[in-house]
Structures are given as C-alpha cells and as structure tokens.
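**Student:** Chain B: place on chain A using the hints.
Order-wise, the sequence lines are chains A and B.
Using full-length UniProt numbering, the first residue of the first sequence is number 1, and each one after it goes up by one.
Using full-length UniProt numbering, the first residue of the second sequence is number 1, and each one after it goes up by one.
No wet-lab data here; the hints were simulated from the structure.
Computed from a predicted structure; not experimentally measured.
No residue lacks a Cβ here, since even glycine has one placed at the ideal position from N, Cα and C.
There could be a bad hint or two in this list.
Computed Cβ-Cβ distance ranges for the label pairs, DEER-style [unchecked claim]:
| id | chain 1 | residue 1 | chain 2 | residue 2 | range |
| --- | --- | --- | --- | --- | --- |
| 1 | B | VAL31 | A | GLU84 | 50 to 56 Å |
| 2 | A | VAL179 | B | LEU176 | 19 to 25 Å |
| 3 | B | LEU176 | A | PRO109 | 30 to 36 Å |
| 4 | B | LEU313 | A | ASP151 | 52 to 58 Å |
| 5 | B | ALA51 | A | PRO109 | 56 to 62 Å |
| 6 | A | GLY375 | B | ILE105 | 47 to 53 Å |
| 7 | A | GLY260 | B | LEU148 | 21 to 27 Å |
| 8 | B | ASP47 | A | ASP458 | 26 to 32 Å |
| 9 | A | GLY347 | B | GLN61 | 52 to 58 Å |
| 10 | A | ASP74 | B | VAL152 | 38 to 44 Å |
| 11 | A | ASP31 | B | ALA133 | 34 to 40 Å |
Each chain, letter by letter, is given below.
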Amino acid sequence: MNINRRSLLKLSAATMAAGTIGLPSFAQQIDELVIAYNVNLPSWDPTVGPSAVNPTIQGLYQSVFDQYILQQPDLSPAPGLLTEWGWNEDKTQVWMTVRDGVTWHDGSPFTAEDVAWNLARVANPETGSPIQFVWGTLTNHRVEGNKVIADVAQFDPTIFKWMYFLTGYVLPKAYYEKVGAEGFEAAPIGTGPYMVEKFERNAFVRLKANANYWGGKPDFDTVTIKFVPDAAARVAEVESGNSHVTLEMPYEEYDRLKGGPLAGVAAPISDIGMIFLNDIEVMTDPNIRKAAAHAIDKQAIIDRLLSGYGVKIDTLQTPEYDAYDASIAVPYDEAKAIELLAASGFGPDNPVKFKIQTTKGFKPKDYEMVQAIVGLWRKVGIEAEIEVYEIAKHYELRAADQLAPAAFYNWGNSVGDPTTSTGFAMFGPSPHSVWDGEDLIGMIGPLWGEADEAKRIDGWKAVDKYIAENALVIPLLQYVQPILHAPGVVVTPHASGSLLPHLMKRA
Amino acid sequence: MAILRLLAIRLFTTLVTLSGVAVIVFFVIRVVPGNPIAMMLPPGATDEDIARLSALYGLDQPLVTQFGIWVAGVVQGDFGTSITTRQPVLDLVLGRLPATLELSIMALVMAVILGGAAALTGTRFRGGRTEGAIDVANGMALSVPDFLWGLVLILLFGVLLPLFHISGRVTPSLELPFTTDFYLFESLIRLRFDLWADIVSHMFMPALALAIPLAAIIGQLLKQSLKETMNLDYVTLARTKGYGETRVILREALRNAALPTLTLVGVQFTFLIGGTVIIERLFSYEGLGNMAIDAVINRDLPLIQGIVLLFALIFTVVNLIVDLLYAVLNPRLRHA
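Chain A on its own, in the form it takes in the complex (with noise of 0.2 Å):
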C-alpha cells in the first residue's frame, strides 16, 4: 500500500470519526445516570441466604427495598417505614407505627400487615434467616391499626439497630406469597427509591425511579449499576465515560484523576483495619501484646501506603459510632514498646516470634501494611513471621477459634453500635471473637441486656478501655472510601460504605 498525502489524511480522517463515537459523555448532560459497581449481586432477597449479610452489596438492595429505620448517611436513624418505634415501659413488647401512604412498586398498598409477616417470617428458624438469632428475640407479631406489636422473648437494646442493619429489609408479603422465592428473584419489588426494570445476573441492573416514592422521587429518572469486580475496568469505565460514577479503585488512580475530567469524594466509612490476638502462646503475655501495639505507627502507614486515605484508631469504634471515646489512646512509642520487651527478656538481638496472617489484595494494600507492621515491630525485637490466607479460610479458623497469635482482618459495622463491633469481636463465647479471657467475658457479659441506654454505652467505652490498656486485639484505622464521579453528578456518600444512586443529584 503506498501512503501519500490524501490517504493519510483519510486515515486520519477516519481515526479521529472512530474516535468520536466514544466520545466520554462526562462531558455532556447526563441522561442516564451509570454506575460501575465493585461487586455482583447474587440474590435479591435481602432478607435470607448469604448475600443477605454481604455488606458489599446493601447499597443495591436498598435502592430497591426499604429497611424498617432509615439510616442517613451519617449513620443516624431516621424515620423510614416505621415513624416511630420503642419499648413499652417493662420492655416486655416493642411497638412500631408504620407509615402511611406508602405503596409497593406494583401500586398495591405497604401496611402493618407487611411488616408484621416480615418480621415474623426472619424470627422462623426454617426461613435461613442469618440473623435468626436476632429477630428470634421477638415473637406473637400482631397489628393493631397501624401498628405493629410483639413480646420480647429476650431483651435486646439494639433490636431497633437491626432494622437498620443486615436482613433489616421489608418485602411485599401478599406479592411475596402469590410469586413464590423463585418469582420474586425474577421480579423483585419493594418501596424503595428505584424499581428494578432489568436485571442481568454478573451483568447489570437497570433501574426505574419510583415516582411514588415516600421520600421523594430521586433525581435520575433511569440508573444503570453495571457490575465492575475488577478496579482496573471500573477506572477505565469512568475514565472513558462509559460510567459516571465508581468506587473502590486504588488511592493512587483516585488522585490521578479527581482533579482532572472527574471529580471525587473520598469520605470516611464504617469499614475498620484491625489486628486480632489470639491468647494462644507468646501472645499470653501482656508485655509482648502492649509492645506490638505500641510499635506500630499507624499514622505513617496511613500516610505512606495508604496515601493519607484513612483514620488512625486505638478502639473498635470509629467516631461515627456511638461508644466511640476519644480519650482512649494507644500512641506510637518505640521505646516503650523496647521497655516492655525487655521486661519479658526479648529485644532486638533476641526476637520474641510469632506468626501474623494477612489477606493480599483483599482491602487495599492489606498485605503491605503487615509488611510494614512487621517491618516496624522488627526494630523493638519482634520477629513475626507473614502467612497470607484468602478471607474464607480467615472466616473459618476464626468460627474454630484457630487464628495464628497475630492475624489481620477488617471489620464492618455499618450500624455503630458498640455490640456490633467489640463485643461480637472481643467476646469470647462468639464464634468470631478468638480472645477468650474470662475477665473480658464478665465485663462484657452484662452489657448484651443492659436496658438502660447511657450505662450500656458507658459500659462499653470502659470494655474498650480495658482492652486498649491490656492491648487484647491492636486496632489500626478507618477506611477512606474512594468515590470518582463525572462533574455532571453530585455523590453524597454514606458512611456505611453503601453506594446510593437516590442519594445522587444531578450538579
């Protein structure tokens, strides 16, 4: 083929006709807003089944579906379904007043009925609720008006939080049991923002606003989530304008492009970094606990890994959460951590040793800051030794109480409720804590039925004291969640890490 003049310039010609077609659309009105989403969605019942207790996915489902308390992005409660809600005076009964007006997305009306068949179908141990043993604490679920009562079978101070939490959905009871499991999973439908128009499994969904929405009808009348697993193709989903909106990419790339043709938000979730400790050999020993703690500077892996994205924490409770105490304080302090070393006759020429376990990949830059953690601890004279395991096995020699001394994991709890972070983790008889101190044990055992609000959350802050001071479980930070968005769209983002298509305006 000979080039000259007039064929290059229509092989220019046509290069730059090729490229105009994908033109990225950020740069123009957004018709329908487009999401690149990090995860799949399983299953549509968010009440049952595994996917019901997958944080990653709770966003979707509650753009489809109402929980019974609204939570704000700041994670307060707020009315939602259920306006007002409490304990009669002996908290024997809950009662709850459900709103009115409201309609399921196929015009039928929501009533008490519906939350009283849900709330009663989640306590039943043969529906596979996972949080059966929750809900289970309610029963003889009854209407009266527009209000639904039950007896308390065992008194639980954060039963309202889990209507705001995991499974704490409501489903249309009378749609529920004429389509069946199976027709429901085709055809989903609930109160919320958005009503599902198709979905694709591993591909898509495509959602419709609901117009009749209680709150309000969202801003984008159409939303796509595409389903984007890998952080590469989300980057290059938003970055070509394929997709408007994406989250979890590496800090790196987020401010790469935030301050150009994209734009971002980057706001502190639920999602904690933690170390467990196991009371299993050297980890027995207070002293070698408190200098692995001491040890560790956290605000300089933050700053140098995580490139600034995180919030240095000395508890399980971030600031969001209610038990949350900011006098609790675990400093860096290299020669304490030597100190308390060579109290237990280690230091640096004669390494105490023990095996700390990581995830690689599994949050961002998981096994870097072990590495880094191992890196600073060799200086005081700890010598540990990294085992990198997938988070399956992690879930399962934690349930067998058979974590390594040391192991890195992250926690979520998206509801900020003392319980649900120390006490599920630190609690020895649960399946997820592997700290089986009987002190520990009597001083949470207690506060699990504490019917008095302020002296519940009073005792937790002294339990995370307590553990803080005797370095029973070495907490690092809070995540930051990276959102990137087109400049056409403005992100609130949700503490809970939920990405929430009705919480999104157009700029």
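**Tutor:** Chain B only, in chain A's frame:
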C-alpha cells in the same frame, strides 16, 4: 468402521473422565479451607445458628452421604441449588454457557485469522525482514499472558481511543428480542445488525485478548508446517508448472500443512475456554468464567461443582470432535 469404533471408545472414556472429575471436584472443594457457612455467619451467631444453617444447606451430613445425594440428583438432571443465588445450578450454568461459547468461538476465529495471516505472510516472504518482524511479533504475543493483553486493550481501545465497550455483553438499555442466550448468533439470524454490532463491540476486546497468544501459537506452527511442505516434491512440481508463489502456498501447500495445526487448534480451544475465567472477570462479561470466580469466592459448593463438571464436559467433547475431524481429514486414518 474405524471411526465408529473410535467414537465408541471415546464416549466410554468421556464417561469415565467425567465420573472422575465429579468425584475429585466434590471432595477437593470440601477439603480446601473456607466453609460456606462460616462465610455467611454474621457477628453474634451462635453454635446453634451454625448447626441450623449447616442443616439447611445439607452440609451436616457425612461427606459420602452428601456425595451420594448429589450424584443421584445429577443423574436425574438436578445439579442442586446455588447457595448464594438460590437458583437451580443447571439453569445458571446453562444460562451462562452460550455467552462463554460465543466468546470462545469468536476468539478462536480471530486467532485463526491472525495466526493464519501471519503464517502465510511469513511463508510468502520467508527469509526476509517481513518474516523476522512476524517472528518478533509472535514472540511478543506469546510472552504476554491474555489478561495483560486485556489490560492493554482496555487502555488502548477503551480509554485512549474509546472505540469498544469495556464491560458487559450488551448495552443495558437495548431491548433484546432473543429467545435463546446465543445473542451473537441470534442477532444474525434475525438480521438485527444493530444488536449484532453492539454485541461485537462488547466482545471484541475480550475475544482479542484471548486470541492474541493463541494466534501466535497457530502462526508459528502453521508457518513451520508450510515451510516444510514447500520443499516437498509435489510443491516443486506445481512451481515448475509456472504457478506463482502465492498460489502454490494457498492452493497446494496449505491443505497438507493445516492438518497438524487443526489438532493444535482443538487442544488450544479447550485451554482458550479455560482462559475465559480471568478474561470474563476483567471485562465483566457475563459468562461461566465470571460466575465461576464468584462461586469460588463465596464457596458456593453446588455451583462450583456444576461449573467444573460442565467445563470438563466441554473439554472432553471438544477433544472428541477434534479427534473425529482429524480422523475424517487424514486419509491414512480414514481408510485404516
């Protein structure tokens, strides 16, 4: 007769292979760490909750009993119910199989075209700079794995010159009139070229990423075969008749030289289907591979079993077809 006997033997060995795969996959995925019940346990679950959920999913039975129940179901066409999606496994895998097959076939076609063109060009201009350049390109194509080619293609044709779709199988806003899950083929049959173009635009990059390494293998082998064939007497005779070099390659040498390549293509096709696992994930393509990764992450045991068994079935069937084709095309085997 020879072909029929070969077919009977291969069908029998296929059955044995699939039975072996079924046994291995069932027990291996239960031995590796990661219990599906532990994965779904929320904070605060008790031992009773673990026992209740284990019973609900039939995981409280002895392994041999679980295996017996599963095999009995499989024989009757019931592969169980997915733990995470709560859908029948057979429906899920059969629903995704067409997407993976279409992607694999498109990748194979691309690989054959690219590899064939490289081999023919290299043979035509053998000994010169063109052949050298083709060899260098082949080496590059082989040394980079398919998922890295995928990333390169995303950057090139997804971001820098956004010509093709980066993720998915079809644009969500399009109305699909299809009655099967073979979107690409059905769009052609229905003469819906608008949909066909959209589907191809989604498939192009993942298919090309899969095709590039295979194209290099095909190119190398075919070129080698062609060069050997070009020295045979009947080719020399063709030349003495005054045929041009291009005609000699295409009309005389190619048919004989293509036979070893055909066997290779068959074997590589099975590997290519295996490669879709990573590529489908990268491009969020809604095929079996993408589903397989989710199943493994979530320890969805029935779904993993179903997908592995189906992959094994595809592998054995493709190998069977290749063997039969080889027997049909090779005169020595055909008349044996």
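**Student:** For each hint, tell me whether it holds in the structure or not.
**Tutor:** For each hint, the structure was consulted:
The hinted window of 50 to 56 Å between B/VAL31 and A/GLU84 holds, with their beta carbons roughly 52 Å apart. Taking the beta carbon of each, A/VAL179 and B/LEU176 are about 23 Å apart, inside 19 to 25 Å as hinted. The beta-carbon spacing between B/LEU176 and A/PRO109, approximately 34 Å, falls within the hinted interval of 30 to 36 Å. Judged by the Cβ atoms, the range 52 to 58 Å given for B/LEU313 and A/ASP151 holds: they are separated by roughly 54 Å.
For B/ALA51 paired with A/PRO109, a C-beta distance near 40 Å fails the hint of 56 to 62 Å. The hinted window of 47 to 53 Å between A/GLY375 and B/ILE105 holds, with their beta carbons roughly 50 Å apart. With their beta carbons about 25 Å apart, A/GLY260 and B/LEU148 fall inside the hinted range of 21 to 27 Å. A hinted range of 26 to 32 Å holds for the C-beta pair B/ASP47 and A/ASP458, which are about 30 Å apart.
At roughly 53 Å, the beta carbons of A/GLY347 and B/GLN61 sit within the given window of 52 to 58 Å. A beta carbon spacing of about 43 Å between A/ASP74 and B/VAL152 agrees with the range 38 to 44 Å that was offered as a hint. Look at A/ASP31 against B/ALA133: about 47 Å separates their beta carbons, and that is not inside 34 to 40 Å.
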